[in-house]
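Colleague: Given next are the chains, with one letter for each unit.
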Amino acid sequence: MPPEEAAPAQCPVQQIYANESRRVLATLIRLLGDFNLAEDALHDAFVAAAEQWPVEGIPNNPTAWLISTGRFKAINAIRRRARFDASLGKIAEELSRHDPGDFDVETIKDDDLRLVFICCHPALALEAQIALTLREVCGLTTEEIAKAFVTKPSTIAQRIVRAKSKIRTARVPYEIPSAGALPERLDGVLRVIYLLFNEGYEASFGPALTRVDLCAEAIRLGRLLTGLLPQPEVYGLLALMLFHHARRHARTASSGDLVLLGEQDRSRWDTAQIAEADALLGKALSHGKPGIYACQAAIAGLHTHAQDSASTDWQGVVAWYDALLELEPSPVIELNRASAIAMRDDANAGLRLMNAILERGDLTDYRFAHSARADMYRRLGRRAEARAAYETALALTNQESERRFLRTRIAELE
Amino acid sequence: MKYACLVYGDGNLSDPLPESETQALHDDSIAYHEELRKSGRLLAVEALEPASTATTVRTRNGRVLVTDGPFADTKEQLGGLFIVEARDLNEAIRIASSHPATRHDAVEIRPVRELS
Chain A
247 MPPEEAAPAQ
257 CPVQQIYANE
267 SRRVLATLIR
277 LLGDFNLAED
287 ALHDAFVAAA
297 EQWPVEGIPN
307 NPTAWLISTG
317 RFKAINAIRR
327 RARFDASLGK
337 IAEELSRHDP
347 GDFDVETIKD
357 DDLRLVFICC
367 HPALALEAQI
377 ALTLREVCGL
387 TTEEIAKAFV
397 TKPSTIAQRI
407 VRAKSKIRTA
417 RVPYEIPSAG
427 ALPERLDGVL
437 RVIYLLFNEG
447 YEASFGPALT
457 RVDLCAEAIR
467 LGRLLTGLLP
477 QPEVYGLLAL
487 MLFHHARRHA
497 RTASSGDLVL
507 LGEQDRSRWD
517 TAQIAEADAL
527 LGKALSHGKP
537 GIYACQAAIA
547 GLHTHAQDSA
557 STDWQGVVAW
567 YDALLELEPS
577 PVIELNRASA
587 IAMRDDANAG
597 LRLMNAILER
607 GDLTDYRFAH
617 SARADMYRRL
627 GRRAEARAAY
637 ETALALTNQE
647 SERRFLRTRI
657 AELE
Chain B
964 MKYACLVYGD
974 GNLSDPLPES
984 ETQALHDDSI
994 AYHEELRKSG
1004 RLLAVEALEP
1014 ASTATTVRTR
1024 NGRVLVTDGP
1034 FADTKEQLGG
1044 LFIVEARDLN
1054 EAIRIASSHP
1064 ATRHDAVEIR
1074 PVRELS
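Chains as they are written, first to last, in this note's numbering: chain A, 247 to 660; chain B, 964 to 1079.
Any given hint could turn out to be false.
Restricting the straight-line Cα-Cα distance to at most 20 angstroms, the calculated cross-link-like pairs of lysine to any residue (SDA-like) are [stated by the list, open to error]: (1) K412(A) with R1050(B); (2) K336(A) with L1078(B); (3) K412(A) with V1075(B); (4) K412(A) with I1056(B); (5) K412(A) with K965(B); (6) K412(A) with I422(A).
Take a look, some chain B residues computed to stay more than 12 angstroms from chain A by CB distance [to be verified]: (7) Y971; (8) E984; (9) L988; (10) G1003; (11) A1007; (12) A1014; (13) E1039; (14) I1046; (15) D1068.
These are calculated hints, taken from the structure and not from any lab test. Please read all numbers here as calculations on a predicted model, not as lab measurements. Heads up, the beta-carbon is just placed ideally off N, CA and C, and yes, glycines get one too.
Only chain A is shown next, with the shape it has when bound in the complex (with noise of 0.2 angstroms):
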C-alpha cells in the first residue's frame, strides 16, 4: 500500500487491511511455517472479513480475529487437499495441536521483526531482498516493485519464487537473530532500507515515471524498525534518510533540473521531517562510538543547518567524513572528504586529494570524481583541465538532468 496514498471514506475492512495485513501475515508466516499457505490464508481471512464484520460488528481485536480466522482456513484447506495426498494430512494434524497461543502486542512485534529479518536474510540475493522485503514487508505488488525497478513483472516474480523456495528448502527459520548475530544481521537490514532510499533518490532525477516512491517506502521501513529494534544505528539510518528526503522539492527545477544544495529554495524544504531527523540523530549519537549511518547523518544534517555553503561547519564535516572513512575505507568517501577539504582550506588542496585518488585508478569511470575535480579548476580559473573533465563527467553520464547541468557548466566556460 503506498504510504502517501490518501484514502478518505474507506470502509472499515479496507482501512484495517491498510495498517494491520503486513502484521496478520508476518504472525500467520510462524504459524503456519510457510509463506504461500500464509498468503492464501491472509486473502481468506480478508475474504471472510469483508462477508461477515457488516453483518456481525467489527470483532473487539479484528488482528486477532483475522490471524485466527486466517489459520483455520489454512488449516481447513490442508485437510481438503489431504484427501488426494495423505501426506499432508499430517501436516493439517501438527498445525492443528501447535497451540497459537494469544495474539499479545509483542508477540505480534517480534512477528514483525522475523519477517524483516527472514526477508534480508544474507543466504539470499541481494535483489532477492529487496524484492521480498517490498512485496511481503511493504506489501507492494510484483508489478509496482517492477514498475519501481524498472523491470518486468516476471522477473521480480522469479525473485520472490526463487527466494521463498530456498527459505523452504534450506530451512531458514523465521527468527530474530540470536544476539551474537544480531549486529550483522542487523546491518543486512539496513543495508536494504538504504539500498532502496538511494533507487528511489536516482529515480527522483530521471524522467518522470510513474513509480511507487521507494524513497517513500524506505522511511516507512526505518520508521517500522526504530520501533521494533530501537538502537543508534537504526535511528541513524533513519535521520539520514530523512535529511536528504527533506529537500526532495527543493531538488529539481520546475524545468526538471538538478538543483544544487547551495542554489536550492530552503523556504521549500520540509521542515517537521528536518526536526524529526534532528531528534533521531542526537538519539544515534547518544550511545557509544557512531556508526556508519549515523556518520553520514551527521554530516547531512550540518549542511542542513548551515544557511549557505559558505558559513557551513566544513571543519565539522571533514571530522565526520574522517570518522566515516575510519569504519568504511572507501574511495567515494574519500572523494567526497576532498570536496570538503576543498570548502574548508581551499581548492587547491582538493585537487591535490582528487588527483592522488584519481591516479591510483580508483575512480575512472565515476562521473562524480570528474565533475568535482573539474569544479575545483573551475574554482581555480583553469578552464581548459575545467572543461576536459566536466567533458569526461558528461561521458559518464546518461541521467538526462545531470546531462543538462554539465553541459551548461561546459557552455559557462566557453
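For chain A, the structure is supplied; the task is to place chain B on it using the hints.
Modeller: Relative to the frame of chain A, chain B by itself:
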C-alpha cells in the same frame, strides 16, 4: 535436518601457509570435530586428497568414460566435507562458520535432500 558442508579452497598452493599455521589448522580442526561429535551434531567428516589425484567417470550409451582430473577445473577445489545435523540454516551457518577451515577456505552449505 542434515546439511552437507563442502570445503573449497585452492589447497594453499598459490600462497602456502606457514608451517605453524598449517599445524594449528590441523589441531584446531581435530578439536572442533571432536567437540561437534560429542554434541551429536557431526554425522560425517572427511578430508580429500588434492584435486590432482581426482578421476572422473561417466557412462554414456553403456560405455564407461574415464577422465583425469576433477569434474570442474576451477582454482578452488573441493578439499573435504562434513555433514552436520542442525535445526535450521542459521544453526548450520553457526556451526560451519566456527570450523577452522573457514579461516582460509570457503564452506558451501547444502541442505541434504530427504529421500522418501
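Colleague: It remains to establish, for every hint, whether it holds in the given structure.
Modeller: Verification of the supplied hints:
{"no.": "1", "hint": "K412(A) with R1050(B)", "result": "16 angstroms, holds"}
{"no.": "2", "hint": "K336(A) with L1078(B)", "result": "18 angstroms, holds"}
{"no.": "3", "hint": "K412(A) with V1075(B)", "result": "13 angstroms, holds"}
{"no.": "4", "hint": "K412(A) with I1056(B)", "result": "15 angstroms, holds"}
{"no.": "5", "hint": "K412(A) with K965(B)", "result": "15 angstroms, holds"}
{"no.": "6", "hint": "K412(A) with I422(A)", "result": "18 angstroms, holds"}
{"no.": "7", "hint": "Y971", "result": "17 angstroms, holds"}
{"no.": "8", "hint": "E984", "result": "26 angstroms, holds"}
{"no.": "9", "hint": "L988", "result": "23 angstroms, holds"}
{"no.": "10", "hint": "G1003", "result": "18 angstroms, holds"}
{"no.": "11", "hint": "A1007", "result": "19 angstroms, holds"}
{"no.": "12", "hint": "A1014", "result": "26 angstroms, holds"}
{"no.": "13", "hint": "E1039", "result": "19 angstroms, holds"}
{"no.": "14", "hint": "I1046", "result": "15 angstroms, holds"}
{"no.": "15", "hint": "D1068", "result": "19 angstroms, holds"}
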